[in-house]
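Protein chains in written order, with this note's numbering: chain A, 92 to 242; chain H, 92 to 242.
The set of hints was computed from the structure by calculation and includes no laboratory data.
Be a bit skeptical, because a hint or two may be false.
Which copy is meant is left open, so a pair is good if it fits within one copy or across any two.
Stated by the list, open to error - Straight-line C-alpha distance at most 27 angstroms; calculated DSS-like pairs for lysine-lysine:
(1) Lys213 x Lys235
(2) Lys235 x Lys117
(3) Lys213 x Lys154
(4) Lys141 x Lys235
(5) Lys122 x Lys154
(6) Lys235 x Lys145
There are 2 protein chains.
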Amino acid sequence: MTDNRPTAQATADEAEIRALIAAWSKALEAKDAAGLVADYAPETLLYDVKPPYKIARPDAIRKMWEACLPYFPDRFTSEHRDLVLTVGTDLAIMHALHAIHPVGTDHPAADMWIRVTACYRKTGGRWRVVHEHVSVPFDPTTGKVVHIREP
Amino acid sequence: MTDNRPTAQATADEAEIRALIAAWSKALEAKDAAGLVADYAPETLLYDVKPPYKIARPDAIRKMWEACLPYFPDRFTSEHRDLVLTVGTDLAIMHALHAIHPVGTDHPAADMWIRVTACYRKTGGRWRVVHEHVSVPFDPTTGKVVHIREP
Chain A
92 MTDNRPTAQA TADEAEIRAL IAAWSKALEA KDAAGLVADY APETLLYDVK PPYKIARPDA
152 IRKMWEACLP YFPDRFTSEH RDLVLTVGTD LAIMHALHAI HPVGTDHPAA DMWIRVTACY
212 RKTGGRWRVV HEHVSVPFDP TTGKVVHIRE P
Chain H
92 MTDNRPTAQA TADEAEIRAL IAAWSKALEA KDAAGLVADY APETLLYDVK PPYKIARPDA
152 IRKMWEACLP YFPDRFTSEH RDLVLTVGTD LAIMHALHAI HPVGTDHPAA DMWIRVTACY
212 RKTGGRWRVV HEHVSVPFDP TTGKVVHIRE P
């Protein structure tokens, strides 16, 4: 998306969004619910991996995190894989696979890769998440989730 | 996203993307696999509702449609609900719920609402899909899909 724009601006935009993604990962590892939504715009709509099928606004997304972070392992690392980021003039799109890797323990959430699409909007010179979609596929013949192994 | 751009251009961009969405629905109702990917860019990556967890490029997406369209009802209508479209200068983001409604028959796929995120990019003056994410949530305690009823 850099063809019509100054290279310096495109580079700065991409660096800023990659920093948001890294900060999100750090907040997850720290179980910091407020940090996880620090860069979400007021209009954000999340399609989460589990019900409810939609969560609107950062406050509600933060509450979801507060409810589920206690079920995460004590210590883990957060990894994105196959991340593709497309940065436009005022919107950006990221898709990737994401997993957590527990440190020094076993955990049912370990290595469960999920698909993430995050969409960003630049407002007042600042990039923020405006939409996120997180999921795993399912088998229509059984109604059961089909986990993504070693993508 | 119209604050920094001519209103006429913003209006034209939004109309063009809404026309793509309408054309996709018509192609689905007609079981026209080629039509379903007619407006997909070569780099499109689809996270589909069922395995495989990712499908890259329009040709592979068309083949997926060719394989599954025979399982659709003979006649049905395609509906998007709660559609939100954000149009930027060179990227656009749409999220919505989608279902098919069989005409004159019963069918297991009827009224199964799914979440759709579609991302568009303007290249050479033309808007095309570059990424799509389609899913339903699941219950982590059972591993089963949780269907979205009457959203």
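So, going through the hints one by one against the coordinates:
1. For the homomeric pair Lys213 and Lys235, neither the shortest alpha-carbon distance inside one copy (38 angstroms) nor that between copies (37 angstroms) is at most 27 angstroms.
2. For the identical chains of this complex, Lys235 and Lys117 are neighbours neither inside a copy (31 angstroms) nor across copies (30 angstroms), given an alpha-carbon limit of 27 angstroms.
3. Proximity of Lys213 to Lys154 under the C-alpha cut-off of 27 angstroms is restricted to the intra-copy arrangement: shortest distance 25 angstroms within a copy versus 36 angstroms between copies.
4. Both within a single protomer and between protomers do Lys141 and Lys235 lie at most 27 angstroms apart by alpha-carbon distance, with minima of 13 angstroms and 10 angstroms respectively.
5. Only within a single protomer do Lys122 and Lys154 lie at most 27 angstroms apart by alpha-carbon distance; the minimum there is 12 angstroms, versus 42 angstroms between protomers.
6. Taking CA atoms no more than 27 angstroms apart as the test, Lys235 paired with Lys145 passes in both settings, with 20 angstroms inside one copy and 17 angstroms between copies.
Hint check: violations occur at hints 1, 2; the rest are consistent with the structure.
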